[in-house]
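Work out the full structure: start from the sequences and follow the hints.
Chains as they are written, first to last, in this note's numbering: chain E, 600 to 985; chain W, 600 to 985.
If you're looking for bench data, these hints aren't it; they were derived computationally from the structure.
Values in this document were obtained by computation on a predicted structure and should not be read as measured data.
Check the hints yourself; a few may be wrong.
Same chains, same label: a pair holds when it works inside one copy or across any pair of copies.
[Said to hold, decoys possible] Straight line, CA to CA, 25 angstroms or less: simulated DSS-like cross-link-like pairs of lysine-lysine:
#: 1; residue 1: Lys654; residue 2: Lys979
#: 2; residue 1: Lys726; residue 2: Lys623
#: 3; residue 1: Lys654; residue 2: Lys623
#: 4; residue 1: Lys623; residue 2: Lys947
#: 5; residue 1: Lys979; residue 2: Lys948
#: 6; residue 1: Lys623; residue 2: Lys769
#: 7; residue 1: Lys753; residue 2: Lys681
#: 8; residue 1: Lys953; residue 2: Lys726
#: 9; residue 1: Lys623; residue 2: Lys917
#: 10; residue 1: Lys641; residue 2: Lys630
#: 11; residue 1: Lys769; residue 2: Lys726
#: 12; residue 1: Lys979; residue 2: Lys651
#: 13; residue 1: Lys651; residue 2: Lys917
#: 14; residue 1: Lys726; residue 2: Lys914
There are 2 protein chains.
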Amino acid sequence: MNNFNFYNPVSIIFGKNTIAELSKHLPQDAKILFLYGGGSIKRNGVYEQVAKALKGFDYIEFSGIEPNPSYETMMEAYEIAKREGITFLLPVGGGSVIDGTKFLAAALCLPEGVEPWGILQGTVEVKQAMPLGCVLTLPATGSEMNGNSVVSRKSTHEKLSFGSPFVMPKFSILDPEVCFSLPDRQIANGIVDAFVHVMEQYLTIPNNTPLQDLWAEGVLRVLIDSAPVVMNEHQNYDAMANFMWSATMALNGIISRGAIEDWSTHVIGHELTALYGIDHARTLAMVLPGNMNVRRTVKGDKILQYGERIWGISKGSKDERIDATIAKTVEFFESLGVPTRLSAYDLKKDTCEKVAQRLAARGVVHFGEAGDITPEVVEKILANRL
Amino acid sequence: MNNFNFYNPVSIIFGKNTIAELSKHLPQDAKILFLYGGGSIKRNGVYEQVAKALKGFDYIEFSGIEPNPSYETMMEAYEIAKREGITFLLPVGGGSVIDGTKFLAAALCLPEGVEPWGILQGTVEVKQAMPLGCVLTLPATGSEMNGNSVVSRKSTHEKLSFGSPFVMPKFSILDPEVCFSLPDRQIANGIVDAFVHVMEQYLTIPNNTPLQDLWAEGVLRVLIDSAPVVMNEHQNYDAMANFMWSATMALNGIISRGAIEDWSTHVIGHELTALYGIDHARTLAMVLPGNMNVRRTVKGDKILQYGERIWGISKGSKDERIDATIAKTVEFFESLGVPTRLSAYDLKKDTCEKVAQRLAARGVVHFGEAGDITPEVVEKILANRL
Numbered sequence: 600m601n602n603f604n605f606y607n608p609v610s611i612i613f614g615k616n617t618i619a620e621l622s623k624h625l626p627q628d629a630k631i632l633f634l635y636g637g638g639s640i641k642r643n644g645v646y647e648q649v650a651k652a653l654k655g656f657d658y659i660e661f662s663g664i665e666p667n668p669s670y671e672t673m674m675e676a677y678e679i680a681k682r683e684g685i686t687f688l689l690p691v692g693g694g695s696v697i698d699g700t701k702f703l704a705a706a707l708c709l710p711e712g713v714e715p716w717g718i719l720q721g722t723v724e725v726k727q728a729m730p731l732g733c734v735l736t737l738p739a740t741g742s743e744m745n746g747n748s749v750v751s752r753k754s755t756h757e758k759l760s761f762g763s764p765f766v767m768p769k770f771s772i773l774d775p776e777v778c779f780s781l782p783d784r785q786i787a788n789g790i791v792d793a794f795v796h797v798m799e800q801y802l803t804i805p806n807n808t809p810l811q812d813l814w815a816e817g818v819l820r821v822l823i824d825s826a827p828v829v830m831n832e833h834q835n836y837d838a839m840a841n842f843m844w845s846a847t848m849a850l851n852g853i854i855s856r857g858a859i860e861d862w863s864t865h866v867i868g869h870e871l872t873a874l875y876g877i878d879h880a881r882t883l884a885m886v887l888p889g890n891m892n893v894r895r896t897v898k899g900d901k902i903l904q905y906g907e908r909i910w911g912i913s914k915g916s917k918d919e920r921i922d923a924t925i926a927k928t929v930e931f932f933e934s935l936g937v938p939t940r941l942s943a944y945d946l947k948k949d950t951c952e953k954v955a956q957r958l959a960a961r962g963v964v965h966f967g968e969a970g971d972i973t974p975e976v977v978e979k980i981l982a983n984r985l
Numbered sequence: 600m601n602n603f604n605f606y607n608p609v610s611i612i613f614g615k616n617t618i619a620e621l622s623k624h625l626p627q628d629a630k631i632l633f634l635y636g637g638g639s640i641k642r643n644g645v646y647e648q649v650a651k652a653l654k655g656f657d658y659i660e661f662s663g664i665e666p667n668p669s670y671e672t673m674m675e676a677y678e679i680a681k682r683e684g685i686t687f688l689l690p691v692g693g694g695s696v697i698d699g700t701k702f703l704a705a706a707l708c709l710p711e712g713v714e715p716w717g718i719l720q721g722t723v724e725v726k727q728a729m730p731l732g733c734v735l736t737l738p739a740t741g742s743e744m745n746g747n748s749v750v751s752r753k754s755t756h757e758k759l760s761f762g763s764p765f766v767m768p769k770f771s772i773l774d775p776e777v778c779f780s781l782p783d784r785q786i787a788n789g790i791v792d793a794f795v796h797v798m799e800q801y802l803t804i805p806n807n808t809p810l811q812d813l814w815a816e817g818v819l820r821v822l823i824d825s826a827p828v829v830m831n832e833h834q835n836y837d838a839m840a841n842f843m844w845s846a847t848m849a850l851n852g853i854i855s856r857g858a859i860e861d862w863s864t865h866v867i868g869h870e871l872t873a874l875y876g877i878d879h880a881r882t883l884a885m886v887l888p889g890n891m892n893v894r895r896t897v898k899g900d901k902i903l904q905y906g907e908r909i910w911g912i913s914k915g916s917k918d919e920r921i922d923a924t925i926a927k928t929v930e931f932f933e934s935l936g937v938p939t940r941l942s943a944y945d946l947k948k949d950t951c952e953k954v955a956q957r958l959a960a961r962g963v964v965h966f967g968e969a970g971d972i973t974p975e976v977v978e979k980i981l982a983n984r985l
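Below, the structure written as structure tokens:
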């Protein structure tokens with residue numbers, strides 16, 4: 600087990616009718632910016648619940664944060680927040696709204712004259728941020744309980760991330776009932792996203808972390824078991840609650856402490872979103888099986904453990920078991936209606952080269968848990984999923 | 600799953616040589632009280648490491664905090680802390696030193712004239728506390744990552760507890776190497792203590808918490824697997840690290856969110872410690888099997904799940920499986936040299952009555968996860984372990 604730090608001060612408020620508690624968690628004297636996305640919260644009643652809880656508070660709204668939140672949109676929010684003297688940020692939505700708000704929170708506290716895009720390029724250090732508190736409406740990214748953020752720049756087709764403890768939410772409200780009205784596609788994406796978050800932290804190289812392994816496997820098990828129920832019965836509270844809590848636990852840092860992490864599926868997937876606008880989770884569903892296949896030497900021991908403990912695969916040669924485990928993983932994603940091949944998006948061999956070249960151009964040339972992913976390996980991983 | 604809150608802002612620093620990082624986490628201008636127990640830290644090198652890290656800080660020492668920290672001792676520390684203008688508390692030790700310090704932290708911030716014992720009696724509300732940061736030397740209680748504290752009053756033979764988010768440590772440093780020199784008895788006690796902490800939160804009534812169940816079972820599994828290794832090879836870093844991390848995860852709140860908790864084994868066990876001075880963990884090892892046996896109706900479903908998933912017991916009638924599961928639990932505790940019967944301490948039938956009467960006298964007459972434990976049931980539970 601590697602040495603590690605763990606610090607996660609996010610206050611979670613979980614359960615039925617918890618949005619009504621929002622006012623208890625907001626600073627009384629704050630000037631609040633209530634941020635949301637495309638308006639689905641107006642159709643499912645969440646907007647009303649939040650507005651009711653905000654009665655008596657001084658707040659303004661900012662809507663229109665898109666999936667894969669853009670730098671351009673968040674800089675509009677930045678101007679408004681500066682002009683209006685905002686002191687607290689309240690994102691209400693899924694990972695995109697929360698991620699965009701985290702970037703905004705950090706940008707608002709930069710010294711005068713520093714270009715906020717540097718936060719994402721890694722050239723500007725985040726030393727403080729405006730406080731934020733979330734109302735989560737879509738279980739998927741885990742953004743509600745971590746300090747990570749991914750933001751895209753439309754003008755350059757770049758999708759970059761940053762992380763800082765300063766942008767961890769002060770609180771996050773998780774009411775599984777607000778997910779009842781989610782479209783199938785978003786639920787399926789959320790399940791895949793959370794699943795792959797676990798895999799990035801778990802399906803790497805054994806490092807004497809038995810508890811972390813069992814906890815990661817626990818999240819995978821609950822996601823797999825909840826998946827058919829939440830897909831078929833959106834209003835099943837028990838299944839939705841378990842899915843929602845698992846998605847949060849998938850990426851709050853606890854399952855990876857002392858373990859070796861990968862994140863290469865995300866690095867490659869982000870390029871597919873940046874280039875073709877494919878849903879984040881759907882890029883992961885394509886890349887992960889290719890990653891497992893091509894990098895079966897690096898990941899072999901953990902693939903066998905995952906295959907046996909999660910899918911009951913214990914017979915056959917090592918390669919046969921790895922093949923069967925990848926097949927089961929693909930089958931799970933496909934059972935949710937999530938494609939696992941590039942052909943589903945009419946993408947061909949040139950995409951594999953293009954993605955490898957884009958990463959190489961940014962200097963991303965030796966990544967993954969063993970530093971073994973060169974541009975050539977990126978091409979192979981994607982070519983495996985044509 | 601019940602609605603729940605989760606908030607745990609303790610910063611964990613885990614791994615080899617991490618005590619050297621202590622100075623980074625202490626407030627520069629603090630007047631520090633460095634608290635410890637009976638002096639074992641002077642024999643195992645921890646005292647030296649801490650003193651070295653404290654170089655340049657303004658601090659004084661307070662030693663002599665006993666196992667089952669006493670109100671009387673902590674009030675001595677209270678007088679010193681008041682007199683010396685202490686602003687930060689640094690407990691270095693196991694759960695007793697940390698628990699005692701938490702009480703002190705809360706006591707030091709009470710309004711003038713309020714009797715600190717009220718904190719433990721539940722008549723005084725904790726609204727603030729002096730900040731504390733820990734160096735843990737004994738994996739067991741989980742006190743390093745929660746807001747719980749148990750303190751005994753020698754003069755009245757009372758052992759009472761309180762909990763408050765205000766007494767959660769600002770940080771806790773966990774270096775598994777400092778455990779290498781622990782005596783067998785303390786390691787065995789620590790394993791049993793952590794194990795029973797999980798059971799109090801897990802072995803209750805099913806409540807649609809599959810992830811929490813799997814995580815609880817994960818902690819039990821790692822404790823069981825680490826136990827023979829740490830008992831036989833105190834210097835096995837990997838096993839000690841896994842034991843240490845599991846003991847912390849056993850009681851930081853995460854495995855019980857939304858679940859139904861019990862804690863009756865602790866309530867009964869505390870009386871045995873208060874009356875006869877038996878080690879805390881050793882009281883739990885006696886009470887838990889009796890609790891499982893006598894309350895097999897309330898706990899039946901979860902005992903079967905635990906028996907099957909942890910001990911592989913899946914054959915026989917319900918009662919046969921429950922009996923076999925209790926036998927396995929007893930065998931595990933005994934394998935660590937921890938007795939599971941009152942006779943090991945020469946305690947007889949009158950003890951069962953006495954404990955029931957003491958609890959009844961304090962109004963503790965309907966407790967446990969189903970409120971089903973009356974004084975009569977307390978007697979039965981203990982009589983089952985004569």
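Against the structure, the hints:
{"no.": "1", "hint": "Lys654 / Lys979", "verdict": "neither (55 angstroms within a copy, 55 angstroms between copies)"}
{"no.": "2", "hint": "Lys726 / Lys623", "verdict": "between (27 angstroms within a copy, 17 angstroms between copies)"}
{"no.": "3", "hint": "Lys654 / Lys623", "verdict": "within (12 angstroms within a copy, 43 angstroms between copies)"}
{"no.": "4", "hint": "Lys623 / Lys947", "verdict": "neither (53 angstroms within a copy, 52 angstroms between copies)"}
{"no.": "5", "hint": "Lys979 / Lys948", "verdict": "within (10 angstroms within a copy, 73 angstroms between copies)"}
{"no.": "6", "hint": "Lys623 / Lys769", "verdict": "both (12 angstroms within a copy, 24 angstroms between copies)"}
{"no.": "7", "hint": "Lys753 / Lys681", "verdict": "within (23 angstroms within a copy, 60 angstroms between copies)"}
{"no.": "8", "hint": "Lys953 / Lys726", "verdict": "neither (35 angstroms within a copy, 59 angstroms between copies)"}
{"no.": "9", "hint": "Lys623 / Lys917", "verdict": "neither (55 angstroms within a copy, 47 angstroms between copies)"}
{"no.": "10", "hint": "Lys641 / Lys630", "verdict": "within (22 angstroms within a copy, 53 angstroms between copies)"}
{"no.": "11", "hint": "Lys769 / Lys726", "verdict": "both (16 angstroms within a copy, 20 angstroms between copies)"}
{"no.": "12", "hint": "Lys979 / Lys651", "verdict": "neither (53 angstroms within a copy, 53 angstroms between copies)"}
{"no.": "13", "hint": "Lys651 / Lys917", "verdict": "neither (58 angstroms within a copy, 51 angstroms between copies)"}
{"no.": "14", "hint": "Lys726 / Lys914", "verdict": "neither (52 angstroms within a copy, 59 angstroms between copies)"}
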